[in-house]
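Can you make the complete structure from the sequences, with help from the hints?
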Amino acid sequence: MKHAISYHTIEGKSSHFYGLLGTTVFFIILGLLSAYQMEHHGHIISGMSNQIVWGMPHIFAIFLILAASGVLNVASISSVFRKTFYHPLARLSGLLAITLLMGGLSVLVLDLGRPDRMIVAMTSYNFKSIFAWNIFLYNGFILIVATYLWFMMERRMEKYYPIAGLIAFLWRLMLTTGTGSIFGFLVAREAYNTAILAPLFIAMSLALGLAVFLIFLILDCRETDCPLGEGILHRPKLLLGIFVGAVFYFVLAYHLTNLYITGRHGIEYFILVGGGIYTWLFWVGYLIIGTISPLFLLYCRRFNQSRSSVLIASLLVIIGGFSLLYLIIIGGQAYPLEIFPGMEVISSSFSDAAKVHIYIPSVWEIMLGMSGIAIAVLLTLFALKILPFLPRSLADADVGQEFMD
Amino acid sequence: MKEESLPTRRDFIKTATVVAGITIAPGILLHTLSPVIANPQGKPLDQPVSSQVRWGMLIDTSKCHNGCTECVNACKLEHGLTEQVRPEVAPQWIRKVGLRDKQTGKEYSLPVLCQHCEYPPCADVCPTGASFRRADGIVLVDRHLCIGCRYCMMACPYKARSFVHETLTEQKPHTPRGKGTVEGCNFCVYRVDHGQRPACVEACTQAGYQAMWFGDLNNPDSEISQKLKEVHSTTLRSDMRLNPGVRYQGI
Numbered sequence: 001m002k003h004a005i006s007y008h009t010i011e012g013k014s015s016h017f018y019g020l021l022g023t024t025v026f027f028i029i030l031g032l033l034s035a036y037q038m039e040h041h042g043h044i045i046s047g048m049s050n051q052i053v054w055g056m057p058h059i060f061a062i063f064l065i066l067a068a069s070g071v072l073n074v075a076s077i078s079s080v081f082r083k084t085f086y087h088p089l090a091r092l093s094g095l096l097a098i099t100l101l102m103g104g105l106s107v108l109v110l111d112l113g114r115p116d117r118m119i120v121a122m123t124s125y126n127f128k129s130i131f132a133w134n135i136f137l138y139n140g141f142i143l144i145v146a147t148y149l150w151f152m153m154e155r156r157m158e159k160y161y162p163i164a165g166l167i168a169f170l171w172r173l174m175l176t177t178g179t180g181s182i183f184g185f186l187v188a189r190e191a192y193n194t195a196i197l198a199p200l201f202i203a204m205s206l207a208l209g210l211a212v213f214l215i216f217l218i219l220d221c222r223e224t225d226c227p228l229g230e231g232i233l234h235r236p237k238l239l240l241g242i243f244v245g246a247v248f249y250f251v252l253a254y255h256l257t258n259l260y261i262t263g264r265h266g267i268e269y270f271i272l273v274g275g276g277i278y279t280w281l282f283w284v285g286y287l288i289i290g291t292i293s294p295l296f297l298l299y300c301r302r303f304n305q306s307r308s309s310v311l312i313a314s315l316l317v318i319i320g321g322f323s324l325l326y327l328i329i330i331g332g333q334a335y336p337l338e339i340f341p342g343m344e345v346i347s348s349s350f351s352d353a354a355k356v357h358i359y360i361p362s363v364w365e366i367m368l369g370m371s372g373i374a375i376a377v378l379l380t381l382f383a384l385k386i387l388p389f390l391p392r393s394l395a396d397a398d399v400g401q402e403f404m405d
Numbered sequence: 001m002k003e004e005s006l007p008t009r010r011d012f013i014k015t016a017t018v019v020a021g022i023t024i025a026p027g028i029l030l031h032t033l034s035p036v037i038a039n040p041q042g043k044p045l046d047q048p049v050s051s052q053v054r055w056g057m058l059i060d061t062s063k064c065h066n067g068c069t070e071c072v073n074a075c076k077l078e079h080g081l082t083e084q085v086r087p088e089v090a091p092q093w094i095r096k097v098g099l100r101d102k103q104t105g106k107e108y109s110l111p112v113l114c115q116h117c118e119y120p121p122c123a124d125v126c127p128t129g130a131s132f133r134r135a136d137g138i139v140l141v142d143r144h145l146c147i148g149c150r151y152c153m154m155a156c157p158y159k160a161r162s163f164v165h166e167t168l169t170e171q172k173p174h175t176p177r178g179k180g181t182v183e184g185c186n187f188c189v190y191r192v193d194h195g196q197r198p199a200c201v202e203a204c205t206q207a208g209y210q211a212m213w214f215g216d217l218n219n220p221d222s223e224i225s226q227k228l229k230e231v232h233s234t235t236l237r238s239d240m241r242l243n244p245g246v247r248y249q250g251i
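Protein sequences, first through last, are from chains A and B.
Per the working numbering: the first sequence = residues 1 to 405.
Per the working numbering: the second sequence = residues 1 to 251.
Read the hints as simulated data drawn from the structure, not as lab findings.
Errors might be hidden in some of the hints.
As the list claims (entries may be wrong) - Have a look at the derived ranges for each label pair, beta carbon to beta carbon:
no. : chain 1 : residue 1 : chain 2 : residue 2 : range
1   : B       : H144      : A       : L32       : 52 to 60 Å
2   : A       : F81       : B       : A135      : 19 to 27 Å
3   : A       : M174      : B       : K106      : 46 to 54 Å
4   : A       : Y36       : B       : E170      : 37 to 45 Å
5   : B       : H232      : A       : A354      : 43 to 51 Å
6   : B       : E170      : A       : A253      : 47 to 55 Å
7   : A       : L33       : B       : R143      : 23 to 31 Å
Said to hold, decoys possible - With a cut-off of at most 35 Å between alpha-carbon atoms, the simulated DSBU-like pairs for lysine-lysine come out as follows:
no. : chain 1 : residue 1 : chain 2 : residue 2
8   : A       : K128      : B       : K179
9   : A       : K355      : B       : K14
10  : B       : K102      : B       : K179
Think of the CB as a built atom: it goes at the ideal place given N, C-alpha and C, for glycine as much as any other residue.
Spelled out as structure tokens, the structure:
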């Protein structure tokens, strides 16, 4: 007998619900206050400068954008790769894809020097700019995933659901390629200027998206008393390990390529050996905390049967992702531009002689970045309250054998 | 009682014609002659810029005096770059850099400014088209289109652009600037359009160094073209093939 999946809205009357609601609103207010301060006083109150032009808000924004496209993978596996096992989770996956992207874009927009000129950004385009393409990719993603969700939830449109899933999947690949290319197309900076950043960002999005999804799923099932079977958790957690491995593969390829090119030994030495906080972030933040530890938790038999291990592994993947993004975004700017090859800079009023450009993020930037996460959570809570995104039960028996393909 | 005589129609027309002539004639004369007077080198001011001209600069590093900041000071004065802030956030339209050749140990001093590339990466990456290259080669920022994303600053290989980090006061009318937008050397475009040289070049000449030359690179008879034929010059990061409009002699 085929089991029909039953979905429900959250009641939204518990103290935990109101507590979470209050927390998100608090962080959003802090973010808006930060945006107001930066608009009023200028970016001088931030830690960003003419040397480090993109800072903490961009790390949060890109993290959320990557997670948004990655989290859709759960739905894509269900509809594109026909793994019906993931089908009950597809609605939640689509919802999180939209809300996380909105959170990320909010941070990106509020950090602009002139956020009041959004109408200019929407009406005046330079189509040679990958940034302009990204504006289309982001807006298109929201539109396509919203349609995908509609086809998913509306019985009459069910026949179009697979094609919508395919379009959404292809679009998300383009979106993350576009996000990686924002850095990949920067020909002047040694840390960027490489096509491998596009697939690296795709792999990162898959890992970060699934990690965010698993955390949300486990916490949500705990809060709503929704049974969550071990069988249901088993496959995504193994998949998370594969994605973490994929990120490591591209990071390895990136560094080996740079180590092969003599002209890039400077940036490699900076990241791997002499970069201070950046070296620490690579070895400890990304490699030990964000890659080796979660793989150990997910694949070591002694730990991988525990739900807490999955939760901790997902958190570690997120910490590793943040470390890697900080390393790429800030580290890439902190390493000085080589404007005068073959020359040693002995004096400059603009730090051309510096071995590393200093960046200390201000509390305003962190507040703005946190508000992006808060916006994503608030929008998700709001959507869960009004529309049935969550399956009533994810117990192995309830989900049924046909989903255990 | 003497009767007041009213002017005849003929007198009125005569007077009106003379007054109108006196009022309008200087305007017409100025309008006709002004491009010639004000812009002896360039195009008439009412004509659009043309790609037949390419404005460029040659910097003779052998004459650029170590420790001299005349060009930097002139730029700050000309454009009102007077913010008293820490160097990392201060506007840096032009800066002096001291270099030492790693092989030979020879030292150089030179100014670095926007290189006004033929293929400017800043204009390529700008999402709104605020960064653009004028037909005559001057790379500019349209302050009305700039949204302050700073992607151009990430893309520029010369660190030639600055972001306005705070509220500005005492701005110069010919150089409108704006908090939250990006800016950089504009070759003193309003001076160039009036047939003058950029302020930094003027200052260098007046100080007696003659290290900066400015002119039309497309005109084979221009002073700068003549000099470029005589001396060996190079561009910064020539490996990137951006064909900058600023060339350096002696490095």
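Violated hints - listed by number, lowest first
1, 2, 4, 5, 9, 10
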